[in-house]
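**Q** Okay, here's what each chain looks like letter by letter:
Protein chains: 2
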Amino acid sequence: MRRNQYEEIRDRVLAYFTQAHIIITEVEKAAVEVADFGLEDFEQVGLSLITYVNTERCCAKELVLFPGQTCPEHLHPSIGGYPGKEETFRVRYGKVYLYVDGEPTEEIRGHVPENGSQYYTAGKEIILYPGQQFTLTPNTRHWFQAGEEGAVVSEFSTTSYDEADIFTDVRIKRIPSIEG
Amino acid sequence: MRRNQYEEIRDRVLAYFTQAHIIITEVEKAAVEVADFGLEDFEQVGLSLITYVNTERCCAKELVLFPGQTCPEHLHPSIGGYPGKEETFRVRYGKVYLYVDGEPTEEIRGHVPENGSQYYTAGKEIILYPGQQFTLTPNTRHWFQAGEEGAVVSEFSTTSYDEADIFTDVRIKRIPSIEG
Numbered sequence: 019m020r021r022n023q024y025e026e027i028r029d030r031v032l033a034y035f036t037q038a039h040i041i042i043t044e045v046e047k048a049a050v051e052v053a054d055f056g057l058e059d060f061e062q063v064g065l066s067l068i069t070y071v072n073t074e075r076c077c078a079k080e081l082v083l084f085p086g087q088t089c090p091e092h093l094h095p096s097i098g099g100y101p102g103k104e105e106t107f108r109v110r111y112g113k114v115y116l117y118v119d120g121e122p123t124e125e126i127r128g129h130v131p132e133n134g135s136q137y138y139t140a141g142k143e144i145i146l147y148p149g150q151q152f153t154l155t156p157n158t159r160h161w162f163q164a165g166e167e168g169a170v171v172s173e174f175s176t177t178s179y180d181e182a183d184i185f186t187d188v189r190i191k192r193i194p195s196i197e198g
Numbered sequence: 019m020r021r022n023q024y025e026e027i028r029d030r031v032l033a034y035f036t037q038a039h040i041i042i043t044e045v046e047k048a049a050v051e052v053a054d055f056g057l058e059d060f061e062q063v064g065l066s067l068i069t070y071v072n073t074e075r076c077c078a079k080e081l082v083l084f085p086g087q088t089c090p091e092h093l094h095p096s097i098g099g100y101p102g103k104e105e106t107f108r109v110r111y112g113k114v115y116l117y118v119d120g121e122p123t124e125e126i127r128g129h130v131p132e133n134g135s136q137y138y139t140a141g142k143e144i145i146l147y148p149g150q151q152f153t154l155t156p157n158t159r160h161w162f163q164a165g166e167e168g169a170v171v172s173e174f175s176t177t178s179y180d181e182a183d184i185f186t187d188v189r190i191k192r193i194p195s196i197e198g
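The listed protein sequences derive, respectively, from chains S and W.
Count the first sequence with this note's numbering and you get residues 19 to 198, in order.
Count the second sequence with this note's numbering and you get residues 19 to 198, in order.
Where hints are given, some of them may not hold.
The list cannot tell twin chains apart, which means a pair is met if one copy fits it or any two copies do.
Below 20 angstroms or equal to it, Euclidean Cα-Cα: the simulated SDA-like pairs (lysine to any residue) are [as the list claims (entries may be wrong)]:
id: 1; residue 1: 113; residue 2: 39
id: 2; residue 1: 113; residue 2: 97
id: 3; residue 1: 142; residue 2: 19
id: 4; residue 1: 142; residue 2: 20
id: 5; residue 1: 47; residue 2: 150
id: 6; residue 1: 191; residue 2: 36
id: 7; residue 1: 47; residue 2: 149
id: 8; residue 1: 113; residue 2: 157
id: 9; residue 1: 142; residue 2: 49
id: 10; residue 1: 113; residue 2: 26
id: 11; residue 1: 191; residue 2: 125
id: 12; residue 1: 113; residue 2: 74
id: 13; residue 1: 191; residue 2: 68
id: 14; residue 1: 47; residue 2: 159
id: 15; residue 1: 47; residue 2: 68
Hints were generated in silico from the structure; no laboratory data involved.
Since the model is a prediction, treat every value here as computed from it, not as a measurement.
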C-alpha cells in the first residue's frame, strides 16, 4: 500500500472512531494499522485497527470495517505451549455479520466477497448489533463483514500473534507494508 | 446494601454509560455490579461495573466511578499456578487519579478517603484523561479515584478472581450482598 493511500484510509478510520465516540490519543492516531492482506482490494477485503495493549498475557484492540468490508477467513492456531488466541468481539457501532465454523446458516444476510470467494468456508452466521458480543475459541475458522454503515468493534483477547494467523486464502499476507 | 439503594445507584451508573456513549444490553443493565466493599459509605468508597467477559484466560469490564469516589487499595495476588491478574485501565470519560506502588508523588491531586485513610499506602500518582491508559502488573498495590465529573474506565485483563483480591483495609469484603 502506498503512503498516500494509507493516509486517506487512516483519516476515514479516525472518522469512524469519532462517530462511535471512541477517544484515542494522537500517538494511537499515528499508529492506525491498515491491513489489505496483500490483496490490494481494500474496500472489499480489509481491516483497520488500533492495538491498545498486547502483552504476553492479554490484548485489546479497536477494529474498524468500512461499509460491506470483510475481514477474510482465518483462525488462530496453537503455537507450541500457547493454546491459540481466544477473542471476544463486541460491536460498538454499526452491524457485523460474523461467520464461524459450525452448522451453516441456510440463507446468510452478508455476502461472500467475490475476491477469493472460494476461500470462505465457515458459514454459521451470527449477527451482532451495538452492545452485542461473541467469544471465539482458538482454532475456530471465522470471517466477518460490516453492514452498510461500516462497523467499530472492540476486541478483547489473549495475546495476539497476528503473524501466526492462518488464512484460508493462500494468497494472503497478514502483515501490511507501506511503500513510498 | 438494600435493593432500593442498589437500584438507585444502578440507574446513575447507566446514566454514565449513556454519557460516555457506551452501549450495553438489557441483560447487562440488569447485572450491573455495585460494590461498597462492606464499608457502607458508597459515595466515598465504592465501584460499579459491568463484566463483558471473564473466561479462564482473559477478561474485560467497564467500570464507573461517581465524582470523587474511590476504589480502595488492593492487589491481585498469584494463586497457585496463576501469576495474578494483569490489568490495563483505559479512561473513556472523566478523569482518574491512579495510585500505585513506587516512588510517592510529593503533592497528590486526588485525596485519600477519610474512611480508612490509614489503609492507603501506594502513592505514585498517575493521572489519566480520556483515551489514556495504564497497565498494572500483578501483585502491585493500587487504588484509584474519579475526578469531579466521575469516570468511566475500560478494563482489559487476564482472568478476574475478584474474591481473591487482597485489600489493604482489613475491614473490606469485596463481594457485595444485596438484602431485601
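**Q** Each hint: holds or not?
**A** Structure-based check of all given hints:
| no. | hint | in the structure |
| --- | --- | --- |
| 1 | 113 with 39 | both (16 angstroms within a copy, 16 angstroms between copies) |
| 2 | 113 with 97 | neither (32 angstroms within a copy, 40 angstroms between copies) |
| 3 | 142 with 19 | neither (32 angstroms within a copy, 44 angstroms between copies) |
| 4 | 142 with 20 | neither (36 angstroms within a copy, 44 angstroms between copies) |
| 5 | 47 with 150 | between (26 angstroms within a copy, 13 angstroms between copies) |
| 6 | 191 with 36 | neither (29 angstroms within a copy, 40 angstroms between copies) |
| 7 | 47 with 149 | between (24 angstroms within a copy, 11 angstroms between copies) |
| 8 | 113 with 157 | neither (24 angstroms within a copy, 39 angstroms between copies) |
| 9 | 142 with 49 | neither (33 angstroms within a copy, 29 angstroms between copies) |
| 10 | 113 with 26 | neither (23 angstroms within a copy, 32 angstroms between copies) |
| 11 | 191 with 125 | neither (30 angstroms within a copy, 51 angstroms between copies) |
| 12 | 113 with 74 | neither (31 angstroms within a copy, 28 angstroms between copies) |
| 13 | 191 with 68 | within (19 angstroms within a copy, 37 angstroms between copies) |
| 14 | 47 with 159 | neither (30 angstroms within a copy, 32 angstroms between copies) |
| 15 | 47 with 68 | within (8 angstroms within a copy, 28 angstroms between copies) |
Of the numbered hints stated above, those contradicted by the structure are hints 2, 3, 4, 6, 8, 9, 10, 11, 12 and 14, listed in ascending order.
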